[in-house]
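A.B. asks: This is what each chain is made of:
Protein chains: 2
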Amino acid sequence: MRRQLSLGAFLMATGHHVAAWRHPDVPADPMDFSSYRRAAQIAEAACFDALFVADSVAAPTDALASHSARSTYFEPLTLLSALSAVTEHIGLIATATTSYNEPYHVARKFASLDHLSGGRAGWNLVTSDAAAEAGNFGRQAHIPHAERYARAREFQQVVQGLWDSWADNAFVRDKASGLFHRPDGVRALNHAGEHFRVKGPLNVARSPQGRPVLVQAGSSQAGRELAAQTAEVVFTAQPSLVRAQAFYADLKDRLAAYGRHEDSLKIMPGVFVVVGHSQAEAEEKFQQFQERVDPRVGVGLLGRMLGNFDLSGYPLDGPLPELPPTEDGQRSRQQLLTELAGNEQLTLAQLGRRIAGGRGHYSLIGTATHIADELQAWFEGRGADGFNVLVPHLPLGLEDFAHQVVPELQRRGLFRRQYQGRTLRQHLGLQRPTNPFFTERGQP
Amino acid sequence: MRRQLSLGAFLMATGHHVAAWRHPDVPADPMDFSSYRRAAQIAEAACFDALFVADSVAAPTDALASHSARSTYFEPLTLLSALSAVTEHIGLIATATTSYNEPYHVARKFASLDHLSGGRAGWNLVTSDAAAEAGNFGRQAHIPHAERYARAREFQQVVQGLWDSWADNAFVRDKASGLFHRPDGVRALNHAGEHFRVKGPLNVARSPQGRPVLVQAGSSQAGRELAAQTAEVVFTAQPSLVRAQAFYADLKDRLAAYGRHEDSLKIMPGVFVVVGHSQAEAEEKFQQFQERVDPRVGVGLLGRMLGNFDLSGYPLDGPLPELPPTEDGQRSRQQLLTELAGNEQLTLAQLGRRIAGGRGHYSLIGTATHIADELQAWFEGRGADGFNVLVPHLPLGLEDFAHQVVPELQRRGLFRRQYQGRTLRQHLGLQRPTNPFFTERGQP
Chain Y
0 MRRQLSLGAF LMATGHHVAA WRHPDVPADP MDFSSYRRAA QIAEAACFDA LFVADSVAAP
60 TDALASHSAR STYFEPLTLL SALSAVTEHI GLIATATTSY NEPYHVARKF ASLDHLSGGR
120 AGWNLVTSDA AAEAGNFGRQ AHIPHAERYA RAREFQQVVQ GLWDSWADNA FVRDKASGLF
180 HRPDGVRALN HAGEHFRVKG PLNVARSPQG RPVLVQAGSS QAGRELAAQT AEVVFTAQPS
240 LVRAQAFYAD LKDRLAAYGR HEDSLKIMPG VFVVVGHSQA EAEEKFQQFQ ERVDPRVGVG
300 LLGRMLGNFD LSGYPLDGPL PELPPTEDGQ RSRQQLLTEL AGNEQLTLAQ LGRRIAGGRG
360 HYSLIGTATH IADELQAWFE GRGADGFNVL VPHLPLGLED FAHQVVPELQ RRGLFRRQYQ
420 GRTLRQHLGL QRPTNPFFTE RGQP
Chain L
0 MRRQLSLGAF LMATGHHVAA WRHPDVPADP MDFSSYRRAA QIAEAACFDA LFVADSVAAP
60 TDALASHSAR STYFEPLTLL SALSAVTEHI GLIATATTSY NEPYHVARKF ASLDHLSGGR
120 AGWNLVTSDA AAEAGNFGRQ AHIPHAERYA RAREFQQVVQ GLWDSWADNA FVRDKASGLF
180 HRPDGVRALN HAGEHFRVKG PLNVARSPQG RPVLVQAGSS QAGRELAAQT AEVVFTAQPS
240 LVRAQAFYAD LKDRLAAYGR HEDSLKIMPG VFVVVGHSQA EAEEKFQQFQ ERVDPRVGVG
300 LLGRMLGNFD LSGYPLDGPL PELPPTEDGQ RSRQQLLTEL AGNEQLTLAQ LGRRIAGGRG
360 HYSLIGTATH IADELQAWFE GRGADGFNVL VPHLPLGLED FAHQVVPELQ RRGLFRRQYQ
420 GRTLRQHLGL QRPTNPFFTE RGQP
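As you go down the protein sequences, you meet chains Y and L in turn.
Per numbering that gives the first Met the number 0, the first sequence starts with residue 0, numbered consecutively.
Per numbering that gives the first Met the number 0, the second sequence starts with residue 0, numbered consecutively.
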């Protein structure tokens with residue numbers, strides 16, 4: 000079969016466009032579960048590989064937070080657990096930070112979601128990118144970038160070790176003899192490292208996927224290296240096909256050093272999509288959101304995306320001020336936006352408006368044919384193995400993509416017409432990992 | 000209307016009887032979501048107030064863990080979030096420890112569940128009761144009892160403060176002006192205490208119930224005092240009506256010191272129930288489980304319930320050995336079981352078998368009439384405001400209770416025939432708490 004692309008539906012309350020909630024067609028409550036259920040069911044009917052949910056463990060506190068719909072939202076694991084009960088096939092990828100969590104809790108919750116969903120869980124491993132998060136966990140200041148990644152690497156090792164606590168066939172459940180699991184089918188982890196001491200074993204059986212799919216989004220050097228070592232899916236923001244190809248080649252090249260095949264890691268750039276039956280209709284649709292952007296709100300979002308800088312003191316019609324390199328985990332995004340502002344000579348207000356929809360992701364505004372052409376070019380040109388799809392408003396923007404772009408991708412033989420497997424790994428074409436601590440017969 | 004009793008369905012994988020999984024009618028997989036969904040739907044059809052799920056953050060590692068079905072299970076918040084999507088009315092009470100968690104995470108997840116479920120979340124606040132948990136969170140030894148409670152009290156204060164981060168009417172969502180929430184409708188907590196420093200605000204809007212219902216189960220002096228100060232529901236194990244009455248009176252008497260009315264705290268003893276159409280049928284049903292108890296497994300469970308003692312070295316037909324007072328948070332249970340063994344001159348094996356079903360909770364084995372008589376006597380004799388119902392096997396044991404005992408309680412006018420409200424607070428007859436940080440108009 001021809002190589003197939005993967006699609007993730009990046010869910011975010013009212014939609015990705017910062018002004019989406021002001022549109023008359025958009026339900027303006029980011030804590031309305033029925034909107035998420037609707038979006039999940041639209042994505043599943045279109046055979047998306049997965050839903051994806053971002054996260055932060057702090058509320059934004061900048062001056063214009065009051066003008067954005069992003070201050071409150073569902074906690075991702077509770078949200079995706081609820082969605083697992085009203086879907087059957089689609090993958091469920093939640094973000095959880097390694098900076099302010101305990102690996103035992105994280106291992107456990109994702110393993111639990113994998114069981115609840117019959118093998119559809121994915122963990123988007125991040126390091127915390129907002130200084131505000133530190134204050135909610137007893138810290139005065141944010142953990143520096145290098146230390147965050149060292150902690151993340153060890154965190155991932157512990158989580159993976161806990162996921163492998165049980166042999167797949169440990170549970171014999173012999174009603175006659177009373178033996179529920181083989182005593183040698185379980186092992187303590189006894190991890191003692193620089194950041195964590197974790198005994199184990201996990202109190203969740205090895206999960207349907209062996210391990211939930213490991214997703215990452217860091218694009219810094221440290222982020223790429225951690226991804227090459229451990230990730231199975233990488234989300235990324237790439238401004239052009241050329242840059243996407245460079246990123247793709249760089250990351251795939253790093254795999255060999257860890258003994259990994261290039262198919263064992265899927266690269267899925269984000270793409271912001273507005274679909275119309277004509278180019279004019281798509282642009283008109285986009286304008287309906289753009290014209291609702293309060294410039295101060297756009298600049299507020301910009302400040303957050305650049306690394307939590309307060310830009311409210313700078314003139315809206317002036318240039319992007321020079322900023323120190325952020326320690327806030329958005330360094331790659333900061334570089335990307337600084338370049339964009341310089342290349343196109345954008346004012347602060349223009350740059351804020353520019354990212355109000357796609358938030359720095361590649362934007363496609365046009366007909367299904369045009370969008371499919373671009374996605375195909377990226378996919379066949381080895382800039383992407385698939386895409387994480389951002390739409391301006393939810394759930395309706397996803398319906399536009401599902402009803403117009405997906406059929407076009409299917410006609411071209413690039414995307415499935417029905418699910419072939421049951422698990423997220425199967426959708427993505429990823430192997431189920433064996434458990435290194437036990438033989439195939441489940442012996443230690 | 001006549002005072003109504005409350006019913007909780009205490010869900011535990013294959014059921015509460017330690018040998019339940021060996022019964023031919025019982026699905027033996029504790030990680031099968033469909034069993035939980037079935038149980039939840041049975042309980043909801045019978046108008047139970049809530050589902051209740053216990054928790055531990057460690058797998059049991061004693062020698063006979065291999066002969067029990069309790070080594071692996073769903074993480075409660077993911078499980079109840081999934082169940083929230085397939086139920087409409089029933090409350091969802093999850094256990095989470097204050098000993099090895101961060102208050103920001105706990106506040107957030109329960110608030111998220113409260114939103115997902117339209118106001119049905121409850122938090123069973125516990126201190127960790129198993130030394131094994133310490134090792135999964137970087138600690139060499141368990142936190143001593145007194146310190147656990149001091150930490151728990153501060154933890155609860157932080158969580159409650161975070162739940163009150165937002166005024167109920169902060170969210171104006173004015174599409175025309177672009178104002179999403181009033182800037183003065185949110186406040187940082189800025190908590191700085193002995194155990195926690197938490198800035199806030201929470202990134203979840205104030206939840207449908209104002210705050211999720213606060214449940215506790217500690218019966219020690221420290222536990223009772225914390226409950227009197229903060230709890231809205233108390234689960235407890237009481238061996239007789241006389242003892243239940245004493246506990247009930249003691250706890251209700253403590254409320255006045257905190258300016259609380261006695262109706263603001265509901266006391267729900269656990270009751271283990273086996274129902275038959277005749278006394279003989281009920282006993283025969285119970286025997287089908289009892290005869291499947293491996294005495295060593297019964298004694299293993301007993302050791303855990305006494306405070307994680309290894310009793311495997313003692314003769315099965317000898318008496319319960321003298322044990323030092325446990326530091327493991329099961330002190331009240333230890334006293335109760337030591338008394339029981341002494342009063343009835345039970346051997347170790349007999350005591351293990353005795354707790355194999357009800358685990359120290361009051362047991363009722365008989366017809367629906369008999370069981371309803373007992374529940375009514377406890378309820379009207381002020382030994383209970385309701386009951387947390389444990390059944391030997393799930394989901395079928397719950398069906399017996401729902402189809403036989405519930406109609407009898409309804410005929411007597413003691414229990415609702417249909418839900419009157421939408422939220423767990425409404426089911427339980429608890430007030431929705433006002434937010435002390437904001438005026439009724441939502442001003443600070």
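In short, the hints are calculated from the structure, not lab data.
Do not take every clue at face value.
It does not matter which identical chain is meant; a pair holds if it fits inside one copy or across any two.
In silico EDC-like pairs for lysine to aspartate or glutamate, Cα to Cα no more than 16 Å straight-line [to be verified]:
| no. | residue 1 | residue 2 |
| --- | --- | --- |
| 1 | K174 | D316 |
| 2 | K284 | D372 |
| 3 | K174 | D293 |
| 4 | K174 | D28 |
| 5 | K251 | D173 |
| 6 | K251 | E224 |
| 7 | K251 | D316 |
| 8 | K284 | E224 |
| 9 | K174 | E290 |
| 10 | K284 | E43 |
| 11 | K174 | D24 |
| 12 | K284 | D24 |
| 13 | K251 | E261 |
| 14 | K174 | D309 |
| 15 | K284 | E398 |
| 16 | K174 | E146 |
A.B. asks: Does each hint fit the structure? Answer for all of them.
C.D. replies: Okay, the hints, checked on the actual structure:
In the homo-oligomer, the alpha carbons of K174 and D316 never lie at most 16 Å apart, since the shortest distance is 75 Å inside one protomer and 25 Å across protomers. In this assembly of identical chains, K284 and D372 lie within 16 Å of each other by CA distance neither inside one copy nor across copies; the values are 20 Å within and 67 Å between. Taking identical chains as interchangeable, the C-alpha atoms of K174 and D293 lie at most 16 Å apart only when they sit on different chains, with a minimum of 11 Å there against 66 Å within one chain. Taking the shortest alpha-carbon separations for K174 and D28, only the inter-copy value of 12 Å comes in at or below 16 Å, while the best intra-copy value is 50 Å.
For the homomeric pair K251 and D173, neither the shortest alpha-carbon distance inside one copy (46 Å) nor that between copies (47 Å) is at most 16 Å. In this assembly of identical chains, the alpha carbons of K251 and E224 lie at most 16 Å apart only when taken from the same copy (11 Å versus 59 Å across copies). In the homo-oligomer, the alpha carbons of K251 and D316 never lie at most 16 Å apart, since the shortest distance is 41 Å inside one protomer and 65 Å across protomers. For the homomeric pair K284 and E224, neither the shortest alpha-carbon distance inside one copy (40 Å) nor that between copies (60 Å) is at most 16 Å.
Taking identical chains as interchangeable, the C-alpha atoms of K174 and E290 lie at most 16 Å apart only when they sit on different chains, with a minimum of 13 Å there against 67 Å within one chain. For the identical chains of this complex, K284 and E43 are neighbours neither inside a copy (24 Å) nor across copies (45 Å), given an alpha-carbon limit of 16 Å. For the identical chains of this complex, K174 and D24 are inter-copy neighbours only, at 11 Å across copies versus 57 Å inside a copy, given an alpha-carbon limit of 16 Å. In this assembly of identical chains, the alpha carbons of K284 and D24 lie at most 16 Å apart only when taken from the same copy (12 Å versus 58 Å across copies).
In this assembly of identical chains, the alpha carbons of K251 and E261 lie at most 16 Å apart only when taken from the same copy (6 Å versus 65 Å across copies). Within a single copy, K174 and D309 get their C-alpha atoms no closer than 64 Å, and across copies no closer than 25 Å, so neither meets the 16 Å cut-off. For a Cα distance limit of 16 Å, the shortest separation of K284 from E398 inside one copy, 14 Å, qualifies, whereas the shortest one across copies, 53 Å, does not. Taking the closest pair of Cα atoms, K174 and E146 never come within 16 Å of each other, the shortest separation being 50 Å inside a single copy and 43 Å across copies.
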